[in-house]
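Residue numbers (my numbering): 1 to 222.
Heads up, none of these hints are tricks.
The calculated DSBU-like cross-link candidates involving lysine-lysine, where the alpha carbons are at most 35 Å apart (straight line), are:
{"id": "1", "residue 1": "K84", "residue 2": "K105"}
{"id": "2", "residue 1": "K128", "residue 2": "K84"}
{"id": "3", "residue 1": "K128", "residue 2": "K105"}
{"id": "4", "residue 1": "K128", "residue 2": "K160"}
{"id": "5", "residue 1": "K160", "residue 2": "K179"}
{"id": "6", "residue 1": "K105", "residue 2": "K160"}
{"id": "7", "residue 1": "K179", "residue 2": "K84"}
{"id": "8", "residue 1": "K84", "residue 2": "K160"}
{"id": "9", "residue 1": "K179", "residue 2": "K128"}
If you're looking for bench data, these hints aren't it; they were derived computationally from the structure.
A quick note: this is a predicted structure, and the numbers were derived from the prediction, not measured.
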Amino acid sequence: MTANPVPPLSASGADPFAEEGRVVAGIRVCEVMHEARAGFREALVAGSAVQELHFVRLLRQEPVYRMAEFFYLVRAFRLDSEEKIRRYAELHNRHLAALDADAAKLRRLGLTRTRVAQGMFAPDSIPKLVENYRSGDGALDQSDLARLLIEQMSTETCRKTAVVLTEAGYLERRRTPYKSVLVRSTGVMEHLFAQSLAHVRRALEEIVAGPGETEPLQGGPA
Numbered sequence: 001m002t003a004n005p006v007p008p009l010s011a012s013g014a015d016p017f018a019e020e021g022r023v024v025a026g027i028r029v030c031e032v033m034h035e036a037r038a039g040f041r042e043a044l045v046a047g048s049a050v051q052e053l054h055f056v057r058l059l060r061q062e063p064v065y066r067m068a069e070f071f072y073l074v075r076a077f078r079l080d081s082e083e084k085i086r087r088y089a090e091l092h093n094r095h096l097a098a099l100d101a102d103a104a105k106l107r108r109l110g111l112t113r114t115r116v117a118q119g120m121f122a123p124d125s126i127p128k129l130v131e132n133y134r135s136g137d138g139a140l141d142q143s144d145l146a147r148l149l150i151e152q153m154s155t156e157t158c159r160k161t162a163v164v165l166t167e168a169g170y171l172e173r174r175r176t177p178y179k180s181v182l183v184r185s186t187g188v189m190e191h192l193f194a195q196s197l198a199h200v201r202r203a204l205e206e207i208v209a210g211p212g213e214t215e216p217l218q219g220g221p222a
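With these hints in hand, go ahead and build the complete structure from the sequences.
As structure tokens, this is what we get:
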């Protein structure tokens, strides 16, 4: 679940600081990105079931943001059927296989072939993924969640992040009789993430249209 790739960047070419209007717009884009992340994190902390300082610091870490983004995209792409989740897993495998075959890109991404292999679904594990998702109302085996997020974080970081978000009240984790752990979002986290993106979208539209004030980012579910 990725957007269109950024065009190749280069240190050569036209001076990006030559046009004052573009520089001002670029500064505003930076501000908007910071506002959106800050607003999301503040809302996440405000709604957390745990408020101790050490826990707040955990909630503000990058893996939490990445996991929230993942669950937002699952909902945004409407992966709400067995066929869709199966197709997603197959595309995930194809993407990782392409990475595995591109040593230069692996190096640029800071990944190893071992790490990529950990993210692959074995043929017999995809039916399990689909069944968990179907019977668990959108639940994912924690090991499958780690596979899907392997480019963003290690398997252990995924586990720790899921535990933190469960303690905060944004995820539900339950053990099965088969000694696996199923993870399911409560839906609140995705709502907050969507609001932060709406702020970015409104601000970018105003930047394109010309000078003006953006609406302040509102934290918390509507």
